[in-house]
Amino acid sequence: MSTSVAAMPTPSVELVEDTDAPWRRSWWANLLAAAKVPRGAAGIVLAAIPFATAFIGPLFLPHSPTAFVTIPFSHPNGSALLGGDQLGRDVLSRLLDGGRALLIMTILSTCLAVGAGTIAGMSAAYLGTWWDDAIMRSVDVLLSFPQLILALLFISVVGPKAWLIVVAVGLSQTPGVTRVMRGATLRIADREFVKAAELQGTSHWKILWHEIRPSVTSPLMVEAGLRFTFSMMAIAALGYLGLGQPPPTPNWGYMISENSIGIQQNPWAVVAPLVLIAALTVGINLYTDAFARVSMGINRRLREPSLIPLLDGRPVK
Amino acid sequence: MRQWVGDVEEALRRRPFLHLGVHRLIGGVLTLFFVSILVFGATALLPGNAARSILGPHASHLQIVALDRQLHLSGTLFSEYGSWLAGMLSGHLGTSLATGLPVGSVIRPELLNSATLVVISAVVSLTLSIGFGLLAAVKRDKTVDHASSLVALLLTAVPDFVLATVVIIIFATLVFHLLPGVSTLTPGEYAWNDPRALVLPSLSLVLVTAPYPFRMTRATLIEALESDYVEMARLKNVPEWRVVLQHALPNALAPVAQVGGLVIIYLAGGIVVIESVFTFPGIGQGLVNAVQRHDEPIVQATVLLLAAVYVIVNIGADVIALALSPERRVAG
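Protein sequences, first through last, are from chains A and B. First residue of the first sequence: 1, per my numbering; consecutive thereafter. First residue of the second sequence: 318, per my numbering; consecutive thereafter.
I should point out that these hints are in silico values taken from the structure, not numbers from a laboratory. Note that CB positions come from ideal geometry on N, CA and C, so glycine has one too. Treat each hint with caution, since some may be false.
[What the hints assert, rightly or not] Taking CB as the label site, the calculated pair distances span:
id: 1; chain 1: A; residue 1: Q264; chain 2: B; residue 2: L418; range: 34 to 40 Å
id: 2; chain 1: B; residue 1: I343; chain 2: A; residue 2: S64; range: 58 to 64 Å
id: 3; chain 1: B; residue 1: E543; chain 2: A; residue 2: A162; range: 46 to 52 Å
id: 4; chain 1: A; residue 1: H210; chain 2: B; residue 2: W558; range: 53 to 59 Å
Starting from the given sequences, assemble the full structure and let the hints guide the process.
Given below as structure tokens:
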């Protein structure tokens with residue numbers, strides 16, 4: 001460690017290579033353990049609020065989210081508990097209905113990023129040679145785009161289609177996952193039990209799946225949490241820019257921008273979706289951080305405030 | 318030929334600066350080449366006819382053929398990519414579809430505005446974050462450390478546009494009415510004509526980017542402060558401020574230089590959202606408007622430009638990091 005301090009912005013937090021750690025607890029036991037740490041518990045509570053709003057909320061809509069029920073930017077009143085938006089629609093109804101699509105898209109693009117990145121990273125590390133070169137070169141190219149801009153490039157040609165946003169955001173998150181999973185696999189690939197399996201003539205893909213995968217579950221889960229937050233940020237930002245679903249459909253991101261004109265008259269139309277988005281990203285972030293600490297055996301001596309930006313080594317949002 | 322390449326390699330190896338520079342330069346040019354393929358390929362190959370989605374469903378066949386020609390989509394993929402790339406490299410960026418103006422003249426004032434914003438934000442962000450990182454490392458585990466770490470955690474966990482909206486709420490609308498929340502500059506106007514318009518966008522960008530160099534400074538400085546040479550300096554009764562500033566800090570700055578590069582890189586992407594929030598007439602807002610109008614030539618030029626900034630700043634940061642780290646300078 002000390003010889004390569006300056007080689008790259010390596011965190012001074014060491015991810016201790018505790019050889020027994022992966023087998024001491026299964027991944028779901030780690031999930032539970034992370035929920036018992038104060039930080040993790042706070043994260044779950046915070047994230048639960050927007051999740052419940054988005055998925056249970058649509059069952060309890062007081063009004064149609066696209067109906068005009070009150071005057072524009074009206075104060076909260078008896079029939080519209082959070083007041084009216086720029087067109088006099090019920091803010092509460094739009095809030096309850098405006099998160100589901102956002103969250104489903106986020107989950108899908110996270111799955112895409114983590115799935116593709118894991119396959120690319122693990123195979124690059126284990127198979128090596130030209131395949132590794134090709135993968136890492138593509139990673140460099142994709143990383144030389146500011147993340148949102150890849151999505152903007154695609155949207156400018158095809159238009160703001162939900163599938164396109166999912167693919168573009170997922171694709172822009174893939175290189176980060178690839179690098180982390182490649183690194184994690186490289187650390188395992190030389191171990192005795194992998195060599196033993198190789199000597200028995202087990203096929204490459206079987207070795208990757210049965211021998212290496214169980215040891216890289218923890219970084220994989222941390223990546224999933226991280227990429228969820230980043231995808232959420234990107235998809236909500238696209239919504240904010242008016243490039244999410246087409247207008248009458250409510251969307252937390254777009255609610256903030258379309259109603260900010262009337263923030264003096266009815267702040268709730270801006271503040272409520274703002275709080276839900278922030279609670280979601282902060283909550284998932286805290287829980288992921290707790291999970292990383294619990295599952296990866298962190299050198300606690302340095303008591304880092306958050307491990308997340310250090311795991312990947314570069315700011316990704 | 319092989320011998321010659323080998324000689325050059327050998328000569329470069331003895332000059333680590335040049336070695337790194339040349340390698341990174343070749344890598345950067347290659348990366349930009351692939352980026353250009355991706356940018357052109359997105360227009361040419363994505364499902365749906367680009368000209369059709371730009372002109373809308375009622376366009377005539379003739380209009381579509383004309384636009385195809387303008388966007389370099391009428392011939393074979395390979396030759397059209399060639400002529401498009403040649404145009405980009407020679408500065409003929411094409412014509413904006415929305416306004417009919419040359420792309421270069423649309424982008425230039427925007428680019429200057431954004432550059433102003435990015436430079437101000439980068440300077441403030443790095444100064445603040447290195448200062449707070451230093452403070453947090455020296456006062457480790459004290460209140461200052463915990464408080465600044467908590468703030469940094471919250472700032473990274475919240476999306477940019479949420480942060481910018483909170484800045485507007487606090488400084489421009491609900492809490493105080495200090496500064497304009499929305500820029501009144503018209504497109505094409507220069508930002509230094511109205512410096513007040515720069516304040517809140519810069520503040521937002523500083524808040525968005527400062528956590529990374531802050532954490533990096535704190536972490537590397539803590540490590541340096543625990544090293545043997547700092548121990549030695551303390552044993553020799555060197556005053557503590559000199560231990561920190563002259564012995565520990567210089568060795569902690571190399572990784573920070575790379576994060577500094579990342580800050581600028583991140584700013585280049587962050588301006589897209591932040592400028593739109595404040596309707597600041599820069600290249601980021603220009604890109605969003607162009608995307609909404611399907612103004613393909615502007616989108617292509619802007620994306621290539623931002624990717625070039627990425628690549629160049631990355632190379633610069635690596636070279637500076639090398640210059641700042643004694644260990645690596647002699648390692649070659």
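When the hints from earlier in the document are held up against this structure, which numbers fail? No hint contradicted; all consistent.
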